[in-house]
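> Here the protein sequences line up with chains A and B, keeping their order. Throughout the first sequence, residue numbering follows my numbering, covering 1 to 114 in sequence. Throughout the second sequence, residue numbering follows my numbering, covering 115 to 228 in sequence.
Please keep in mind that the hints were generated in silico from the structure rather than gathered at the bench. Ideal placement from N, C-alpha and C gives every residue a C-beta, glycine not left out. Don't take every hint at face value.
To be verified - Restraint ranges, calculated between C-beta atoms of paired labels, are given here: (1) B:Thr-220 - A:Pro-8: 23 to 29 Å; (2) A:Gln-41 - B:Ser-142: 22 to 28 Å; (3) A:Ala-96 - B:Ile-174: 19 to 25 Å; (4) A:Gln-17 - B:Gln-159: 29 to 35 Å; (5) B:Ala-168 - A:Leu-95: 41 to 47 Å; (6) A:Arg-67 - B:Glu-185: 41 to 47 Å; (7) B:Thr-186 - A:Gln-17: 19 to 25 Å; (8) A:Arg-15 - B:Ser-128: 45 to 51 Å.
As the list claims (entries may be wrong) - To give an idea of the interface, some chain B residues facing chain A are shown, with a C-beta separation under 8 Å as derived from the structure: (9) Gly-157; (10) Phe-177; (11) Lys-183; (12) Phe-218.
To be verified - Facing chain B, according to a computed beta carbon distance under 8 Å, are these residues of chain A, among others: (13) Ser-99; (14) Asn-100; (15) Gly-106; (16) Asp-107; (17) Leu-111.
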Amino acid sequence: KAGVTQTPRYLIKTRGQQVTLSCSPISGHRSVSWYQQTPGQGLQFLFEYFSETQRNKGNFPGRFSGRQFSNSRSEMNVSTLELGDSALYLCASSLAGYSNQPQHFGDGTRLSIL
Amino acid sequence: AQSVTQLGSHVSVSEGALVLLRCNYSSSVPPYLFWYVQYPNQGLQLLLKYTSAATLVKGINGFEAEFKKSETSFHLTKPSAHMSDAAEYFCAVSRSGGNEKLTFGTGTRLTIIP
């Protein structure tokens, strides 16, 4: 069974640009969550999608947005990039997003802002 | 709100020695607890989870953890360290019931001394 796939693995952007990251969950998983990982702030929850609806949201500015498609694939968009957005962005999927269900993580997209 | 504290950002043990990584949680309701491991340039892999069944939980790669409500702890142990255990370990908590997000600790980097 294929795991969670994130593309691309690496991205380099400049300040002010926007970026879109993609996540394909494990087949049959309907919940997709996004996390940001930085050395200073650690792992922080961005948002969670289930059945094409955002169900949970972390404490990030509106420049961070996402969406989920009918096949459960998800995209995350960051607009007007800032230097502080440099991070590893991790996507995780679970069957239905219940808190007792383990989340399965992809290998992440490493975003570098110049 | 839930939170997790991991004592010791760096832990070094000799190969063959006991591994003990500490995790204390704070939660106003019964928690679900997880341990994840992250190898360089990879995402997070689930080691084990506690979801209110047995308090002693066995995971992959010989790891186990014990949920102690009186001490609000969920420490990770392995009887005999192997070189391949060198990685970063994250403890995470979510709230029982519903579809709560994961809240992670700051991580413990485990080094194995040959």
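> Interface hint check: Phe-177 (chain B), Cβ to nearest Cβ on chain A, cutoff 8 Å. Holds or violated?
violated, 14 Å
> If you check the beta carbons of Arg-15 (chain A) and Ser-128 (chain B), does the distance land in 45 to 51 Å?
Given about 46 Å between the Cβ atoms, the range holds.
> Answer holds if the nearest beta-carbon of chain A is closer than 8 Å to that of Phe-218 (chain B); otherwise answer violated.
holds, 4 Å
> With a cut-off of 8 Å on the beta carbons, see whether Lys-183 (chain B) makes it to chain A.
Nearest chain A Cβ about 17 Å off; hint violated.
> Should the hint that Thr-220 (chain B) and Pro-8 (chain A) are 23 to 29 Å apart at their CB atoms be regarded as holding?
About 28 Å separates the Cβ atoms of Thr-220 (chain B) and Pro-8 (chain A), which means 23 to 29 Å holds.
> For the restraint on Leu-111 (chain A), tell me whether the closest CB of chain B is nearer than 8 Å.
With a closest approach of 14 Å, the Leu-111 (chain A) hint is violated.
> When you take the CB atoms of Ala-168 (chain B) and Leu-95 (chain A), is the distance between them in 41 to 47 Å?
Between Ala-168 (chain B) and Leu-95 (chain A), where Cβ atoms are some 22 Å apart, the hint is violated.
> Taking the CB of Gln-17 (chain A) and the CB of Gln-159 (chain B), does the distance hold inside 29 to 35 Å?
Roughly 32 Å apart at Cβ, these two residues keep to the hinted range, so it holds.
> Any CB of chain A closer than 8 Å to the CB of Gly-157 (chain B)?
holds, 4 Å
> The hint says 19 to 25 Å between Thr-186 (chain B) and Gln-17 (chain A); measuring C-beta to C-beta, is that right?
Cβ of Thr-186 (chain B) to Cβ of Gln-17 (chain A): about 44 Å, so the range 19 to 25 Å is violated.
> Let's test the interface hint: is any C-beta of chain B closer than 8 Å to that of Asn-100 (chain A)?
holds, 4 Å
> Honestly, do Ala-96 (chain A) and Ile-174 (chain B) meet the 19 to 25 Å range at C-beta?
Between Ala-96 (chain A) and Ile-174 (chain B), where Cβ atoms are some 23 Å apart, the hint holds.
Of the numbered hints stated above, those contradicted by the structure are hints 5, 7, 10, 11, 17, listed in ascending order.
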